[in-house]
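> Here's the letter readout for the chains.
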Amino acid sequence: MALKASRIAVAKTYKIYIDGKFPRTESGRYFALEMKDGSVIANVCRSSRKDFRNAVVAARAALAGWSGASAYLRGQIVYRIAEMLEGRHEQFVDELVLQGMSKRKAKSEVDATIDRVIYYAGWSDKYQQIFSSVNPVASSHFNFSVLEPTGVVAVIAPDDSGLLGLVSTLMPVIVGGNSAVVLASESLPLSAVSFAEVLQAGDVPKGVVNILTGYRSELAMQFASHMDVNAVVHSEFAEDRTRDIQQEAARNIKRVITRSETKWTSASAQSPYLIRETQETKTTWHPIGN
Amino acid sequence: MDTQTNKLAFDGGWQYAPAPESTDHIHIDERYGLFIGGEFVEPADGGYFTSINPASEEPLAEVATATAADVDRAVAAARKAFKGPWSKMHAAERGKYIYRLARILQERAREFAVIESLDGGKPIRESRDIDIPLAAAHFFYYAGWADKLEYAFPGRKALPLGVAGQVIPWNFPLLMLAWKIAPALACGNAVVLKPAETTPLTALKVAEVVRDAGLPPGVVNILTGAGDTGAAIVNHPDVDKIAFTGSTDVGRSIQKAIAGSGKKYTLELGGKAANIIFADAAIDEAVEGIVNGIFFNQGHVCCAGSRLFVQESVGDEVIRKLKDRMETLIIGDPLDKNTDIGAINSAAQLERIEEYLKIGREEGAEMHQSSCPVPERGYWCRPTIFTGVSQSNRVVQEEIFGPVLAVQTFRTEEEGLTKANNTPYGLSGGVWTDKGAKIFKMTQGVRAGVIWANTFNKFDPTSPFGGYKESGVGREGGLHGLDAYVKLEV
Amino acid sequence: MTLAAVPSKTPVPDLERVARVDEVGVNERVARFQSRSIKTESKIEALKLVLAMIDLTTLEGQDTPGKVRQLCQKAMHLHDRMPGLPHVAAICVYPTMVAIAKKALGQSGIKVASVATAFPSGMAPRSIKLEETRMAVAEGADEIDMVISRGAFLQGELGFVFDEIAAIKEACGAAHLKVILETGELGTLDRVRRASWLAMHAGADFIKTSTGKIQPAATMPVTLVMLQAIREYWYNKGRMVGMKPAGGIANSKLALHYLVMLRETLGNAWMTPEWFRFGASSLANDVLMQLQKQATGVYQSADYFSKD
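Residue numbers (my numbering), protein chains in the order written: chain A, 1 to 290; chain B, 291 to 780; chain C, 781 to 1088.
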């Protein structure tokens, strides 16, 4: 890497993030991420279906604790992510620049990312109040509907936005108490790994977010078909890929959420309605009597 | 009386004389066409099939089979109505049409109840007291939403989707129709609805109501037929939304079929609900809840409490009381006002249930059935419970869709919860305990969309209904039921 | 008055272990009974059974021997123009009227039931309650309808209530003991169920809802809870206990609903006057009118039925 120091730079190894740890892919495979001039930026893990399987196990194990945590605590933890990002602002900017973004754009992307995390941190203890209801049934019953997290959510993060796109698809999932397995942008994967380091250094419990790097062609269908995944969030535009994901998802009636934003900085890229996409409505009845 | 076995005597003695509901005021045509564009029309090339009374195996009416050409016509009529008067109409006026439907259903309630029982086999008490009033209430509830959608989705504009294709099952023919049509119309959509092939008659009567209420032609289209008709609706390229209630297998195939089409969908699928009885519950009411949970509508209920979990310390007591209670259930003529358990909906369904009874016995479970006599003709299944089963039994895992209960015991709260959730389904669940804190712990813990605590099988238009996991996607009923029929814009 | 009593001979049952009751569930079950349709011969049979189960009652401060004799006449001759009618099960009167009723009823087979224990409030020392009971039995009462001490029950003095019932039972000798819970003063169905349990364990032959002097008197939900308690007791002990709803059951349709409830809760064994009674003063005539309507097909006027 072309750094100016006279000493030998220590290059960063980009690993994947499963169950709060940074293993290399069990497959031992990698793909080289190159700059436009063809020089190698990093060797990125080419995760396998087994890595994905392990990540789902970790996500499932983490679910009870995370979904059972108080909304306030989840908000605090998500807010902590923003704090950590702020502290590493420069690192994330540099990494985006390294992956080909202009410095100015990179800076505004990191700003937007931090703001987005804070946006969702604030929703943690509010979306429930927006979307819940007390239902005036005709019989002598108290009846209410609340949201509960869908469960383990597979997130195929957008390819065109390695950091903001990732955060915009992931945050509404986890702030709602789901655990997630994320497939990072294939062409812009580095920010995702650094983001995982933020998660680990922050207070996000292990397994709540797991981040894999690799090829969509190899992994997208695994994300869609796994029987212990409850929902799949993706930003695939290619019609055949969308179709294939939905077909595979049908195996266990997975919820399929398509995030079709073309501009991740736009206002519509953040909303409590996006939190609701990976929530289930539970309605409870109880008699009112002596 | 035999005090040794502590069994109460319900046979002999004073019995209820037959109390048949009158059918004098009921008119069923010999033959029904398809309801497309506001009028009944001949099917293009599908011919007719016969809808029979499952209690007598007698034919009731000839009903048309809609084929792809008819689906084309119906979707075109719906599209025309959607683009034309329906979406241009002021929302409040749209609401008034739906109110009209509700009112006419209330006025003709008895007629609908009788036809529902004739065609589907369910007891008149249920069609009269539950299905028809709830269906009317559903229209009444959603009628009021038509001009208030802005309040349902803060910060968003709710727009109709266009043409909704709706496929409904045979267990609650009119009620499921109401669940589908009412919110769709309230949100400004036009619909093409297919009732189940064994229970098409009340839907065809609704077609008359739609016509009498003066709804613009094409807003509601009713196509009869079997699976092929449903598939033609699901796969039609000009349908914007699919709403389906039925089995998980068919739901899965629908999700696959429409993959990549961009069609919005809601699926209300199967279930195998756990009904969990704790030792500190109001046991006598819990026994009623068990009965209501599994024997309501012959067990043809997707949210039926088909897996009973009884805390071990009250296991014998609950089962004894349940068996005694089962003896008081009256099976027979669906039109008799005293009938508790009507006819199984079809020969095919009876065969399926009986296959499970065989499987249960072969798996070594102990089968107990009530001793109530059943009629000679028609399709009948006595209330049945299996004891001595475990999670690994097929009668515990699979949806039987009949009056068949699998009973297990558990010891601790955690064990009860673990077993309750040990299923790919997640539609409903029941929890019975007198302890408030435990109710919340358990109702939070059961992974299902509807939880009845100290009650079971309750429904209301204001109350969202729908499943977790393989029990479906989306909610019907209440504020949340509007989601299924709108697209939200900033 | 001190509530402390001599230790019970049999232990007071642990009421904490009595099954809980869910009011809404009970009401739903009752609605199911009410949706039963009783027609034709089934209705006639049931109406006659209702008549045979009636404890024809007069419990007024203005009661006189003359009034009681008239009522006894009615009990024996409900509506003689209609053949095949049963007589009522019993006449229910104050202790001072027992001898009058006993004489008036003669060999009719109709029982004499006497209220006792400072009916309707029960606010008297035990010695007086026992004395009153013994007196009524000595005068010829076949059945004693006692009231429980509701104040003591609500105060949590269960042993006192239990002992009192047991003592009265002893004083009854061969007479049957009906224990009135006065459910209208107990407030919840849970307490109704517990009081039923206590009364049965203390020796009640019958449990009875009400004095008729407090509203609400008998209701179907309350009666269902008591029937469920009787069933539970029978499951546990194998002893049948009778049931008497009293007060507020004034028409045939309601009485038929009670019979439906009885049949579907306890079964045939209880479907006799030996095990089920209606405490009522005006029910009989409405049942007679219904029977006449069944026989003639014509709706009736009260003017054609004797009021005593």
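I should point out that these hints are in silico values taken from the structure, not numbers from a laboratory. Just so you know, even glycine gets a beta-carbon here, dropped at the ideal spot from N, CA and C. One or more hints might be untrue.
Derived DSBU-like pairs: lysine-lysine, alpha-carbon spacing no greater than 35 angstroms straight-line [unchecked claim]: (1) Lys725(B) <-> Lys126(A); (2) Lys847(C) <-> Lys748(B); (3) Lys748(B) <-> Lys50(A); (4) Lys819(C) <-> Lys1033(C); (5) Lys105(A) <-> Lys731(B); (6) Lys105(A) <-> Lys12(A); (7) Lys297(B) <-> Lys126(A); (8) Lys613(B) <-> Lys725(B); (9) Lys438(B) <-> Lys777(B); (10) Lys553(B) <-> Lys126(A); (11) Lys709(B) <-> Lys206(A); (12) Lys297(B) <-> Lys828(C); (13) Lys883(C) <-> Lys1033(C); (14) Lys1087(C) <-> Lys847(C); (15) Lys728(B) <-> Lys126(A); (16) Lys613(B) <-> Lys777(B); (17) Lys107(A) <-> Lys447(B); (18) Lys370(B) <-> Lys553(B); (19) Lys613(B) <-> Lys1017(C); (20) Lys21(A) <-> Lys709(B); (21) Lys627(B) <-> Lys206(A); (22) Lys553(B) <-> Lys50(A); (23) Lys126(A) <-> Lys554(B).
Here chain A is said to cover these stretches of chain C; the calculated rule only asks that three of the stretch's residues, wherever they fall, bring their Cβ under 8 angstroms from a Cβ of chain A [unchecked claim]: (24) 848-856; (25) 962-971.
To give a feel for the contact side, a few chain B residues facing chain A, derived at Cβ under 10 angstroms [to be verified]: (26) Gly517; (27) Ile741; (28) Phe746; (29) Phe755.
> Against this structure, judge whether each hint is valid.
Against the structure, the hints come out as follows:
1. With a C-alpha separation of about 29 angstroms, the suggested pair Lys725(B) and Lys126(A) falls inside the 35 angstroms cut-off, and the hint holds.
2. Only pairs whose Cα atoms come within 35 angstroms are accepted, and Lys847(C) paired with Lys748(B) is rejected, the gap being roughly 52 angstroms.
3. A distance of roughly 44 angstroms separates the Cα atoms of Lys748(B) and Lys50(A); the hinted pair therefore is violated under the 35 angstroms criterion.
4. The suggested pairing of Lys819(C) with Lys1033(C) holds, with an alpha-carbon distance near 11 angstroms, which does not exceed 35 angstroms.
5. For the proposed pair Lys105(A) and Lys731(B), the alpha carbon gap of about 48 angstroms is over 35 angstroms, so the pair is violated.
6. A C-alpha spacing of about 23 angstroms is found between Lys105(A) and Lys12(A), which places the hinted pair at or below 35 angstroms, so the restraint holds.
7. The suggested pairing of Lys297(B) with Lys126(A) is violated, with an alpha-carbon distance near 55 angstroms, which exceeds 35 angstroms.
8. For the suggested pair Lys613(B) and Lys725(B), the alpha carbons sit about 26 angstroms apart, so the restraint of at most 35 angstroms is met.
9. Among the hinted pairs, Lys438(B) with Lys777(B) is consistent with the structure: their alpha-carbon atoms are about 15 angstroms apart, no more than 35 angstroms.
10. Among the hinted pairs, Lys553(B) with Lys126(A) is consistent with the structure: their alpha-carbon atoms are about 30 angstroms apart, no more than 35 angstroms.
11. At most 35 angstroms may separate the alpha-carbon atoms for a hinted pair to count; Lys709(B) and Lys206(A) meet this at roughly 27 angstroms.
12. Distance restraint check for Lys297(B) and Lys828(C): the Cα-Cα separation of roughly 27 angstroms lies within the 35 angstroms cut-off, and the hinted pair is therefore satisfied.
13. For the hint linking Lys883(C) to Lys1033(C), the alpha-carbon distance of about 33 angstroms falls within 35 angstroms, and the restraint holds.
14. Between the alpha carbons of Lys1087(C) and Lys847(C) the distance comes to roughly 11 angstroms, so the proposed pair stays at or under 35 angstroms and holds.
15. Among the hinted pairs, Lys728(B) with Lys126(A) is consistent with the structure: their alpha-carbon atoms are about 25 angstroms apart, no more than 35 angstroms.
16. Proximity of Lys613(B) to Lys777(B) is assessed by CA-CA distance (about 50 angstroms); at most 35 angstroms being required, the pair is judged violated.
17. Between Lys107(A) and Lys447(B), the direct Cα distance comes to roughly 33 angstroms. Compliance with the 35 angstroms bound is thereby established for this hinted pair.
18. Proposed proximity of Lys370(B) and Lys553(B) is supported: the alpha carbons are some 19 angstroms apart, at most 35 angstroms.
19. Straight-line distance between C-alpha atoms of Lys613(B) and Lys1017(C) comes to about 19 angstroms, which keeps the hinted pair within the 35 angstroms bound.
20. The straight-line distance between the Cα atoms of Lys21(A) and Lys709(B) is roughly 32 angstroms, inside the 35 angstroms bound, and the hint therefore holds.
21. Using a Cα cut-off of 35 angstroms, the hinted pair Lys627(B) and Lys206(A) is violated, with the two alpha carbons roughly 60 angstroms apart.
22. For the proposed pair Lys553(B) and Lys50(A), the alpha carbon gap of about 33 angstroms is at most 35 angstroms, so the pair holds.
23. Between Lys126(A) and Lys554(B), the direct Cα distance comes to roughly 27 angstroms. Compliance with the 35 angstroms bound is thereby established for this hinted pair.
24. As drawn, the stretch 848-856 of chain C meets chain A at 0 residues by the rule of a beta-carbon pair under 8 angstroms; below three, the given contact is violated.
25. Under the rule that three or more residues need a Cβ within less than 8 angstroms of chain A, the assignment of the stretch 962-971 of chain C holds, with 4 such residues.
26. Annotation: Gly517(B) was flagged as interfacial toward chain A, and the flag is violated, the nearest CB pair being 17 angstroms apart, outside 10 angstroms.
27. Below 10 angstroms, beta-carbon pairs count as interface contacts, and Ile741(B) has one with chain A at about 5 angstroms; its hint therefore holds.
28. At its closest, the beta carbon of Phe746(B) sits 9 angstroms from a beta carbon of chain A; the interface hint therefore holds under the 10 angstroms criterion.
29. Annotation: Phe755(B) was flagged as interfacial toward chain A, and the flag holds, the nearest CB pair being 7 angstroms apart, inside 10 angstroms.
In summary, the numbered hints that this structure violates are 2, 3, 5, 7, 16, 21, 24 and 26.
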